[in-house]
Each structure stands twice: as C-alpha cells, then as structure tokens.
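Respectively, the protein sequence lines represent chains L and G. Letter 198 of the first sequence, counting from 1, is numbered 198 in the UniProt record's numbering, and no numbers are missing. Letter 122 of the second sequence, counting from 1, is numbered 122 in the UniProt record's numbering, and no numbers are missing.
Source of the hints: derived by calculation from the structure; they are not laboratory data. Glycine included, each C-beta is placed from N, C-alpha and C at the ideal position. Mixed in with the good hints, there may be bad ones.
To be verified - Which stretches of chain G does chain L cover? Using the computed rule of at least three CB atoms under 8 Å from a CB of chain L, they are:
1) 10-23
2) 94-104
3) 107-114
4) 124-138
5) 237-251
Next come the chains, spelled out residue by residue.
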Amino acid sequence: MRELTTDPRAGRRTAISISGLAALVAALLIGIRVGAVPVSMGDIWHVFSAPAGNEAYQIIYNIRVPRVLTGALTGINLALAGCILQGVLRNPLADPGIIGVSAGAGLAAMAVMILWPGLTALVPAVAFAGALMAAGIVFMLSWDRGVQPLRLILAGVALAAFFGGGMSGLMVFHSDKVQGAVNWLAGGFQGRSWDHVSMILPYSCIGIVGALLSYRYLNALQLGDDIAKGLGIKVETARFSLVALAALLAASAVSVAGLLGFVGLIIPHITRMLVGSDFEYLLPCAAVLGATLVVAADTVARTVFSPVEVPVGIFMAFLGAPFFIFLLQRGMRR
Amino acid sequence: MSQHSNRITFGMIGLLLVVSILFLLKGQAQPADNQAPARYQVTDSAGRQVEIPRRPQRVIVLNASNLELFYAVGGTVVGRPTTEALPEAVKAAVRQVPAIGITPNPNIEQIVALRPDLILGVNMPFHHNLIPVLNKAGIPILLQALENYQQIIDTLHFYGELTGQPEQAAAVIAGIEARYETVVKNTKNHPAPKVVIVWGSPESFHMATARSFTGDLVKRLGAVNVADAGDHSGGQMGYVPLSMEYVAKQNPDKIFLITHSPDEKTNGKIRNDLVNHPAWRGLKAVATNQVHLLPYNLFAVNPGTQVGEALTVLAGFLYPEVTQP
Numbered sequence: 001m002r003e004l005t006t007d008p009r010a011g012r013r014t015a016i017s018i019s020g021l022a023a024l025v026a027a028l029l030i031g032i033r034v035g036a037v038p039v040s041m042g043d044i045w046h047v048f049s050a051p052a053g054n055e056a057y058q059i060i061y062n063i064r065v066p067r068v069l070t071g072a073l074t075g076i077n078l079a080l081a082g083c084i085l086q087g088v089l090r091n092p093l094a095d096p097g098i099i100g101v102s103a104g105a106g107l108a109a110m111a112v113m114i115l116w117p118g119l120t121a122l123v124p125a126v127a128f129a130g131a132l133m134a135a136g137i138v139f140m141l142s143w144d145r146g147v148q149p150l151r152l153i154l155a156g157v158a159l160a161a162f163f164g165g166g167m168s169g170l171m172v173f174h175s176d177k178v179q180g181a182v183n184w185l186a187g188g189f190q191g192r193s194w195d196h197v198s199m200i201l202p203y204s205c206i207g208i209v210g211a212l213l214s215y216r217y218l219n220a221l222q223l224g225d226d227i228a229k230g231l232g233i234k235v236e237t238a239r240f241s242l243v244a245l246a247a248l249l250a251a252s253a254v255s256v257a258g259l260l261g262f263v264g265l266i267i268p269h270i271t272r273m274l275v276g277s278d279f280e281y282l283l284p285c286a287a288v289l290g291a292t293l294v295v296a297a298d299t300v301a302r303t304v305f306s307p308v309e310v311p312v313g314i315f316m317a318f319l320g321a322p323f324f325i326f327l328l329q330r331g332m333r334r
Numbered sequence: 001m002s003q004h005s006n007r008i009t010f011g012m013i014g015l016l017l018v019v020s021i022l023f024l025l026k027g028q029a030q031p032a033d034n035q036a037p038a039r040y041q042v043t044d045s046a047g048r049q050v051e052i053p054r055r056p057q058r059v060i061v062l063n064a065s066n067l068e069l070f071y072a073v074g075g076t077v078v079g080r081p082t083t084e085a086l087p088e089a090v091k092a093a094v095r096q097v098p099a100i101g102i103t104p105n106p107n108i109e110q111i112v113a114l115r116p117d118l119i120l121g122v123n124m125p126f127h128h129n130l131i132p133v134l135n136k137a138g139i140p141i142l143l144q145a146l147e148n149y150q151q152i153i154d155t156l157h158f159y160g161e162l163t164g165q166p167e168q169a170a171a172v173i174a175g176i177e178a179r180y181e182t183v184v185k186n187t188k189n190h191p192a193p194k195v196v197i198v199w200g201s202p203e204s205f206h207m208a209t210a211r212s213f214t215g216d217l218v219k220r221l222g223a224v225n226v227a228d229a230g231d232h233s234g235g236q237m238g239y240v241p242l243s244m245e246y247v248a249k250q251n252p253d254k255i256f257l258i259t260h261s262p263d264e265k266t267n268g269k270i271r272n273d274l275v276n277h278p279a280w281r282g283l284k285a286v287a288t289n290q291v292h293l294l295p296y297n298l299f300a301v302n303p304g305t306q307v308g309e310a311l312t313v314l315a316g317f318l319y320p321e322v323t324q325p
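Working from the sequences, and respecting the hints, build out all of it.
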C-alpha cells in the first residue's frame, strides 16, 4: 500500500498564500501612497526617517497609516469570524451579523449618535458593548446543553429584527439627525485614527492565536457532532468557545468600521474556492484576503470620487457582489 | 511545503500586528508646532472647550450655513464645502476656494493639506468623527449648531470677533433685529392662528416643533403650533412623526409645507397629495386655501442672514391682514 505523503493541492495553496501576501503588501503601500492629496515616496520615507510636523507628515502618519492598518485589521477579524461561524454553524449563509453583533452594535451606536451627539467619541466603545451584549443574548436564547447551531441562527435572526426595529424607530423619530449616522451604517474608515488601531489590535491578536489553536476543532466540527465526539472533542465546549471568539472578532471590527457587511460572508467562500475547506489553510488565507480586500476597496473608495469619499461598505457591495456571483457560477460549472 | 507556506502566512499576519503595535507605541511622540501667540478658549455648541487663535488666518468651513454667516461679517476661507445651498453673492465669492467635499463627508486629507488654523463644522456625528485626527494635527475645530433665531445672532456676533470686524457684525445683526422687531410689532395684537408645519417627502411626513428652526420662528411670531401641544418628548425633538388623525382633530388654521427638494413639480405633487387626502379635505386650512409651500431656499436649510426674509414670508402667511393692507 502506497502512502500519499503530499497533498496535491499543496502547490496551489503555496502559490495562493504567496500571491495573497504580495497583494496585501501592495495594497498597504498603495493605500499609503495615494489619496486626495498627492504625496511622494520621499515624503513617506521622511515620515519614518525624519518626522517633521508638516502636512505630508500629518497626512501620511496621522491619517493614511492608521487608516490602512485599521482596514487591514478589520478585514482580518471579519474574515476569521466569518470562517469560524460558517464552520461551526455548518451554514454557508452564516456571517458575523448572524450572531447579533451588527444589530446590537448598530442600535447602540445609533442611539449615541442621534440622542447624545456630543458623545460621538464613545461610539466605538458603545458599539463594541452593544455587539457583545447582543451576542450574549443570542447565546442565552440558543443555549440548550451547549450552543445549538439552528437555535443560534434563529435567535440571531429574531434579535436582529428586534434591534433593527429599534434602529428604524430612532430614524423615524429623529429624521432630521439621521444624516449623521448614515456613513457609520454603511461601514467605512473615514477619519480613523490611531485610537481605532489600538482598539481593534488586541482582538486581532486574540483572533490569530485563537485561529492557530482551533483549526483542528473546526475541521472536526465540520464532519458533524457524532464524528467530532468520536474524535474525542467536547463538542459543546468547542462550539461555545469558537462562537465566542467569532463574536469578539466581529464586535471589534464593527466598533471601528461600522456596519461593514459582505467581508465576513464572502471572503470565507472565496478562500474556500481557492484553497479548499481545510481550516488549517482556510483561516490564514482568509485573513490575508480579507485584509487585502478591505484595504484595496477602501483605497479605491476614497480616491475615485475625490474629494468626496464613498463609504467602503457601499463600494464593496457594488463591486464585490457581482464578482462573487461570477466566482460562484464558475465554481458551480466545475 | 504547504505546512511551510501556512506558517509563512501566519507569520506575515503576525508581522502586520507587530508593525501596528510598534506604530502605536511610537505614536506618542508628537512633533510640536502651531505655537501661535494669541489663543483663547471658547465653548462650542457641543459643549467642548476649544483653544482657538484670536484672529484665525486660514479658516475652513464645512457647511453652507456657517459659511454664509462667516462671509456676512467679512470673513474669508481657505476651504469650503461642496454645496449649492448658498446665496449667489457667497457662491461667487468662494468659487475659487478649494472644495473639501460635501458637509456630511468632508475629506480630511484635503483639510489637513490646506493647513487651516481653525475649522468651523456642525454639531453632528460626522464632524465629531474628525476630532481625533484633527487633535493630533493640532487643528482646532468648533462644532456650531444653528437651530434657532438666537443662535444666528450669537454666531454672527462671535464670527465678527473672529474676523476682527465686530462693527460689520453689529451692523448685520442690527439689520436683522430691526426687521425682526418690525415684523413682530406689526403682528403682535392679532389673534394667534393655529398652524402645523409639515416637513417631508411624499413617503414620509413629520411635524416641526419649536425646537426646529421654522418652529422657532413661528413661535416668535405668536402662532400656536399644534406639534408643540402634542409633543410629549420633553421638547427634545425638532421634528416628530406626523399623525394625520391628530392634525385632523386639532384642525389647524394654516398648514405650512417644507420639502426636501427644490423641484417645483415634486413640491406641487406633495402639496396636492396632502390637500386631497380624504382625512384632510375637510380641514379648515384646506377649505380656506391656507396650505402654503414655504420657499426651499429659506426654509429647507438654515437661512443664515436671510432670516429676516424668512420671518417676513412666514408673517405674510400667518397674518395676511397685516402685511397686505
């Protein structure tokens, strides 16, 4: 009997890893290089070699670098959260919104922006708290000796409807102030600063470590509860920890990027088409692709209609959805 | 091999995190500049204490109403919003000034590149969002609310100080106040009509309360706003959702209509929809043809220095017996 020692997809995975990383580095550099105000490579170099308080320094160091980093970290967190949830819930439509984070964050953030506009600085923290609270409620509703996937999804949908009603209520009663919340609802990175980087960074670290530790559990859970149990995995504990990890990742992303949909749903699918569904490769590749997509899309969204910036969420939905459908059709034909 | 590439990928993500951390730690050291001599503290409408130059030289204004008021007292700007909602004179004056994007979505890179020493914005979340970055860049931003008549007067006064032309500001204010006094005096001893101010588009109607700009003017003119009588929000909201039943029960003498669109055709349609609604056809205001479309340029956005015109228009509709002898 001959043993198969090398995975036939290994070469493909290596190629995708390397080109994904190259694309991410390119996206980060281009994101720092281009914008409404032209800067030269020399200016960028000076920011790091000889910081001066001039405009180029302000624009590169205080606006563009934190913005591309926030975008990259958001992309990582949303993509990881999406991968984990689709794996744990065994549902291709699962995305970070399904555990209630978007609805909870949205209601909390809108309440602050509309009712106490002076406290807008607290929006990221409040959105984070709202997201975690909503995820906690969904957990409680879906708990039956462990997190049950179907109950989780149904509870998530119900809670999203409830909080969505709250958001609509705020919009109806304060229609003159809704304008202030529109950009946040669409999802974007306008005006993001180092504060936002420091807000999301710890969760990205938790996400990376969690993903490194958990791919075996995800692979096993995908095979069904019985097989996972047969492999010696405590299904309830594993599922709970993984969904909690996804909730943290998604909540941190929402807190800095607003309601940026799409990434958490689509990136896992695209990555799966490229590298297969083994989570050992799926998680890191999805993180890289998520970061690349968000940074690249945000760079385009803030430059094409200059000086007007389009919230990246709108832009991504318009360009990303058709691309995704194209990929799906190709994938189905095969 | 694949195991290997997987490690590399995670390694690179790790590197990205490390870079972010390094930057964060480094970010504490700020190059010091902007040590202008004459600076003082003011409190803006958002309740923030802001240190601003006594005579700002490079001002950027982010919205039309503030821009109009700032120009009225002799100010000039180095950056302006992309907007059409300006009086012709101001529009012509700022044509050559670089635009920095629409009011709800200004471009922060362009703002910083214009090296302003003061930014005037509005008390809305989209301008609050700019504060962290502007703080780092050492650029003060004032968030000014313009929600009633008194705030226009106060703002003109303040901008007069900023531009160093308090006399011009005083003259503009005196002009507005004289007109205000005349209008209010002429209408004083007349029976107060009962009005409803409808603010909306064909699919969504709201009533303006005394907290809204138009509601404030109507109150100053002594009219009874049915929205204020039914406002149980503790007077916090400028606009409340319209209940046709409530209005039908109140049976106002006059209906004022403000639309979101300068387009005459749309506005005509909105007016007809309201007037021809079965529940409203029997209203006193409809029966006596007292449904008035308020001019878009004076009422859709804050009229600024044209507040006198806005008052006159309202007084004309409220007390036709006074203004058309």
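Annotated coverage of the region 237-251 of chain G by chain L, confirmed only when three residues or more have a Cβ within 8 Å: Holds, because 5 residues of the region 237-251 of chain G bring their Cβ atoms closer than 8 Å to Cβ atoms of chain L.
Coverage of the region 10-23 of chain G by chain L (three or more Cβ within 8 Å): holds (count 10)
Count the residues of the region 107-114 of chain G with a beta-carbon closer than 8 Å to any beta-carbon of chain L: does the count reach three? holds (count 6)
Against chain L, does the region 94-104 of chain G show at least 3 residues with beta-carbon separation below 8 Å? Coverage by chain L holds for the region 94-104 of chain G (5 residues, Cβ < 8 Å).
Can you tell me if the region 124-138 of chain G counts as covered by chain L, using C-beta to C-beta distances under 8 Å and a minimum of three residues? holds (count 12)
In terms of the numbered hints stated before, the structure departs from none.
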